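*Asks:* One-letter residues, chain by chain:
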Amino acid sequence: MPPDNGQYLVAAYVVAGTIYLSYAISLIVQARRLKK
Amino acid sequence: MTPDLGPAHAIIRRGLVLTILGILGVGVVMVLAVQFTPVEARQGLAQKIFYIHVPSATVTLWIAMPLTGLASGLYLWLHDLRFDRFAAVSAEVAAVFCLAVLTTGPIWAKPIWGTWWTWDGRLTLTLFLFFLLLGYHTLRAALRDPVERGRFSAVISIMGVVLVPFIHLSVYLWRGLHPQPIIMKPSAPSLPPEMLRTLLTGIGVFILMYVGMVTLRYGIQLVRDAQEAADAA
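Residue numbers (our numbering), protein chains in the order written: chain A, 297 to 332; chain V, 2 to 234.
One chain only, chain A, in its complex shape (with noise of 0.2 Å):
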């Protein structure tokens, strides 16, 4: 049987996630701003 060890695979999703949305997001913002 596996090892149970989901906790990580859901640990690293939300940090790589929370890396590439948070600079999207900052990109985003930047572009808004310099269309203003």
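Treat the hints as calculated values from the structure; they're not laboratory data. Heads up, some of the hints might be wrong.
[Claimed, not checked] Computed footprint of chain A on chain V; a stretch qualifies when at least three of its residues, placed anywhere within it, have a C-beta under 8 Å from a C-beta of chain A:
id: 1; segment: 43 to 49
id: 2; segment: 102 to 110
id: 3; segment: 220 to 228
[Said to hold, decoys possible] Partner residues aside, some chain A positions facing chain V, computed with beta carbon under 8 Å:
id: 4; residue: D300
id: 5; residue: G302
id: 6; residue: Y304
id: 7; residue: L305
id: 8; residue: Y309
id: 9; residue: V325
id: 10; residue: A327
[Said to hold, decoys possible] Okay, the calculated beta carbon distance ranges per label pair:
id: 11; chain 1: V; residue 1: L79; chain 2: A; residue 2: P298; range: 49 to 57 Å
id: 12; chain 1: V; residue 1: L79; chain 2: A; residue 2: D300; range: 50 to 58 Å
id: 13; chain 1: A; residue 1: G302; chain 2: V; residue 2: G205; range: 21 to 29 Å
id: 14; chain 1: A; residue 1: G302; chain 2: V; residue 2: E229; range: 33 to 41 Å
id: 15; chain 1: A; residue 1: G313; chain 2: V; residue 2: R14; range: 22 to 30 Å
id: 16; chain 1: A; residue 1: G302; chain 2: V; residue 2: I21; range: 25 to 33 Å
id: 17; chain 1: V; residue 1: P67; chain 2: A; residue 2: K332; range: 34 to 42 Å
id: 18; chain 1: A; residue 1: T314; chain 2: V; residue 2: Q228; range: 26 to 34 Å
id: 19; chain 1: V; residue 1: D5; chain 2: A; residue 2: G313; range: 50 to 58 Å
id: 20; chain 1: V; residue 1: P67; chain 2: A; residue 2: G302; range: 33 to 41 Å
id: 21; chain 1: V; residue 1: G74; chain 2: A; residue 2: G302; range: 18 to 26 Å
id: 22; chain 1: A; residue 1: P298; chain 2: V; residue 2: V163; range: 38 to 46 Å
id: 23; chain 1: V; residue 1: F153; chain 2: A; residue 2: P298; range: 46 to 54 Å
id: 24; chain 1: V; residue 1: Y173; chain 2: A; residue 2: K331; range: 43 to 51 Å
Source: prediction; values computed, not measured. Positions of the beta carbon are idealized from the N, C-alpha and C atoms, including for glycine.
Place chain V on chain A using the hints.
*Replies:* What follows is chain V alone, placed relative to chain A:
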């Protein structure tokens, strides 16, 4: 005089669309990995970190860094500031991807290796590459003259590209805990077809996200440079 910023805003719009598609694609890859890809028998669910970690590393090492180095080399040769601008933008996005590699890696390592970090050749060199990228941006922020900034930072980014083959070959050169490549190797990929499909989808999506972020960031920098040039005139 107000510069014509129409083309730059068109680049921003294109980048925006591609970035949003890339972010949504990452969500799709996560669902694909969790719901539609088999669980590896020995590693369990933690193995699915692979579908985020490996595409992030692939884009950092095989797309972002080579393009940054190429643009830097072209800048040193042709002295065209557009190459310097692209190199800076690509290096910024590379740092974001590298950060994702360096955070998802230890989270995967803990349940499998029993430790968050080990001074294995590949891990150490990847950390060194991340510090080099931070140094690159620190140097750029410190230099005001665009020609001097472009020249010095190009040399640093080329040093970063030189690290890439060492990072790739580190698992062969030094014995460590990091596994050997399963795709970027002379023989056929050693993965079941369902896992390979999810991984290749992930790599495609992360490339799309890199292209989107670089396009968006390039457009933003283009507008900033034009505004600075207009203010100076």
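*Asks:* Decide, hint by hint, whether the structure agrees.
*Replies:* Against the structure, the hints:
Chain A is given as covering the segment 43 to 49 of chain V, and this holds because 6 residues of the stretch bring a CB closer than 8 Å to a CB of that chain, at least three being needed. Counting residues of the segment 102 to 110 of chain V whose beta carbon lies closer than 8 Å to any beta carbon of chain A gives 4, which meets the minimum of three for the stated coverage. Using a Cβ-Cβ cut-off of 8 Å, 4 residues of the segment 220 to 228 of chain V lie near chain A, which meets the minimum of three, so the contact claim holds. Annotation: interface hint on D300 (chain A) holds; nearest CB of chain V at approximately 7 Å, less than 8 Å.
Against a cut-off of 8 Å between C-beta atoms, the interface hint on G302 (chain A) holds, since the closest Cβ of chain V lies about 4 Å away. Contact between Y304 (chain A) and chain V, as hinted, is supported at the beta carbon level, the nearest pair being about 4 Å apart and thus within 8 Å. At about 5 Å, the closest approach between the beta carbon of L305 (chain A) and any beta carbon in chain V falls short of 8 Å, and the interface hint on this residue holds. The interface hint given for Y309 (chain A) holds, since its Cβ lies 5 Å from the closest Cβ of chain V, which is under the 8 Å cut-off.
Residue-level restraint check for V325 (chain A) is violated (minimum Cβ-Cβ distance to chain V is 10 Å; threshold 8 Å). Against a cut-off of 8 Å between C-beta atoms, the interface hint on A327 (chain A) holds, since the closest Cβ of chain V lies about 5 Å away. At about 54 Å, the beta-carbon gap between L79 (chain V) and P298 (chain A) stays in the expected band of 49 to 57 Å. For L79 (chain V) paired with D300 (chain A), a C-beta distance near 56 Å keeps the hint of 50 to 58 Å intact.
For G302 (chain A) and G205 (chain V), the Cβ-Cβ distance of about 26 Å falls inside the hinted range of 21 to 29 Å, so the restraint holds. Hint check: G302 (chain A) to E229 (chain V), Cβ distance near 49 Å, so the stated range 33 to 41 Å is violated. At roughly 24 Å, the beta-carbon separation of G313 (chain A) and R14 (chain V) lies within the given 22 to 30 Å, and the hint holds. Roughly 29 Å separates the CB atoms of G302 (chain A) and I21 (chain V), a value that falls within the hinted 25 to 33 Å.
For P67 (chain V) paired with K332 (chain A), a C-beta distance near 36 Å keeps the hint of 34 to 42 Å intact. With their beta carbons about 31 Å apart, T314 (chain A) and Q228 (chain V) fall inside the hinted range of 26 to 34 Å. About 38 Å separates the C-beta atoms of D5 (chain V) and G313 (chain A), a value inconsistent with the hinted range of 50 to 58 Å. Judged by the Cβ atoms, the range 33 to 41 Å given for P67 (chain V) and G302 (chain A) holds: they are separated by roughly 35 Å.
At about 45 Å, the beta-carbon gap between G74 (chain V) and G302 (chain A) misses the expected band of 18 to 26 Å. P298 (chain A) and V163 (chain V) have their C-beta atoms about 40 Å apart, which keeps the hinted 38 to 46 Å range intact. Against the hinted window of 46 to 54 Å, the Cβ-Cβ separation of F153 (chain V) and P298 (chain A) comes to about 50 Å, which satisfies the hint. Remark: the range hint 43 to 51 Å for Y173 (chain V) to K331 (chain A) is upheld by a beta-carbon distance near 49 Å.
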